[in-house]
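The lines below spell out each chain.
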Amino acid sequence: MSFEGKLALVTGSGRGIGKAISLQLASQGADIIVNFFRRREAAEQTARDIESMGVKAEIIRANVGDPAKLDEMFDTIEAKFGHLDILINNAASGVGRSALDIDAKAWDWTMNINARAVLLCAQRAVKLMGEGGKIVNISSLGSAFVWPTYAAVGVSKAALEALTRYLAIELAPKGICVNAVAASAVDTEALKFYIKEGLVKDTRQATPVGRMVTPEDVAKVVAFLCSEEAFMIRGQTIIVDGGTSVAPFVLPEEGGR
Amino acid sequence: MSVEEKVKEIIAKIVHVDKSILTRESTFKDIKADSLDMVQALVAIEDEFDIEIPDEDAQKLQNFGDFIDYVESRVAEKEKS
Chain F
0 MSFEGKLALV TGSGRGIGKA ISLQLASQGA DIIVNFFRRR EAAEQTARDI
50 ESMGVKAEII RANVGDPAKL DEMFDTIEAK FGHLDILINN AASGVGRSAL
100 DIDAKAWDWT MNINARAVLL CAQRAVKLMG EGGKIVNISS LGSAFVWPTY
150 AAVGVSKAAL EALTRYLAIE LAPKGICVNA VAASAVDTEA LKFYIKEGLV
200 KDTRQATPVG RMVTPEDVAK VVAFLCSEEA FMIRGQTIIV DGGTSVAPFV
250 LPEEGGR
Chain A
0 MSVEEKVKEI IAKIVHVDKS ILTRESTFKD IKADSLDMVQ ALVAIEDEFD
50 IEIPDEDAQK LQNFGDFIDY VESRVAEKEK S
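Top to bottom, those sequences are chains F and A.
Numbering-wise, numbering that gives the first Met the number 0 puts 10 at position 11 of the first sequence, and it's gapless, one number per residue.
Numbering-wise, numbering that gives the first Met the number 0 puts 62 at position 63 of the second sequence, and it's gapless, one number per residue.
Same shape as in the complex, but just chain F:
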């Protein structure tokens, strides 16, 4: 699967899953627009890693939760490149609170970044995509299952998955494929933060496969969904969890091994 000559925007790609997706697509030949919001040094490192693979990297800072900033990002892409082939809606934020403690501010912040931005980015990206564009939205198992203090994010991810289905059908006649990838707890800085803050239990135990899901595991599935081999997959949310969700009563140490 080669993405040579393709241009991909990966939102929130300074760290974690977004970074892994950027590097995966770059390793297959795509030029990457690295979007970040809070960590410039991390984004610069991602860009250097991308460039070391012999493809181009462009850094654009934007809070995708702010429609004006999101528009500015796309104005820059339009002026500089005039096209876009792949959009990965990965940027996410959230507030670790139980449902009864979520106030309007926390709700709006989470929904605006995790769900509304997916819609607004898709609307702008479609105008820059010819036939054959790909959109992949990053979800989490919190959309369908309950994790403590994950209510706001879980609900936003459910919205993202529903939106993925609507966009997939509306954009099918335009030749644009839209899907989502949902991971269970992935070994990233974000997870470490949640554990440190006492918001989730340390879930870094093994899946039924025998190890945790890595950002690279997620990135490889995203790359597949961006390939022509996945052409007939539309509006789906592919779960990458090492089997955790289909084996809720199997303790990791029992595993399937």
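Incorrect hints may appear among the rest.
What the hints assert, rightly or not - Calculated Cβ distances over 12 Å to all of chain F for the following chain A residues:
1. 8
2. 20
3. 22
4. 23
5. 26
6. 48
7. 76
8. 80
As the list claims (entries may be wrong) - Below, in silico cross-link-like pairs of lysine-lysine (DSSO-like), each with a Cα-Cα straight-line distance of 30 Å or less:
9. 195/F with 59/A
10. 59/A with 191/F
11. 79/F with 79/A
12. 5/A with 68/F
13. 68/F with 18/A
14. 77/A with 12/A
15. 104/F with 31/A
16. 104/F with 18/A
17. 77/A with 68/F
18. 68/F with 31/A
19. 79/A with 68/F
20. 104/F with 59/A
21. 5/A with 79/A
22. 12/A with 104/F
23. 191/F with 31/A
24. 104/F with 5/A
25. 68/F with 12/A
26. 77/A with 55/F
Rather than coming from a laboratory, the hints here were simulated on the basis of the structure.
Note that the Cβ used here is the ideal one computed from N, Cα and C, for glycine as well.
Fit chain A to the given chain F structure using the hints.
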């Protein structure tokens, strides 16, 4: 309004506290701001002064005094360029 006054006004509004309790020695923790309050305050200050405050820098600032000095220096840098 000075940079210091404007910064205090933005923080007070977002965290819902009285501006007078924001001394140079106090911290976000002292005024019981959570992580969302902090990031929203940073973003509001960035927008107000058209500067960037990356987390890598924000994490090094100990109290509001450091924070105000940092914003002032970024604003001065911007005016020079």
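Item to check | Hints violated by the structure (listed by number, smallest first) | outcome: none
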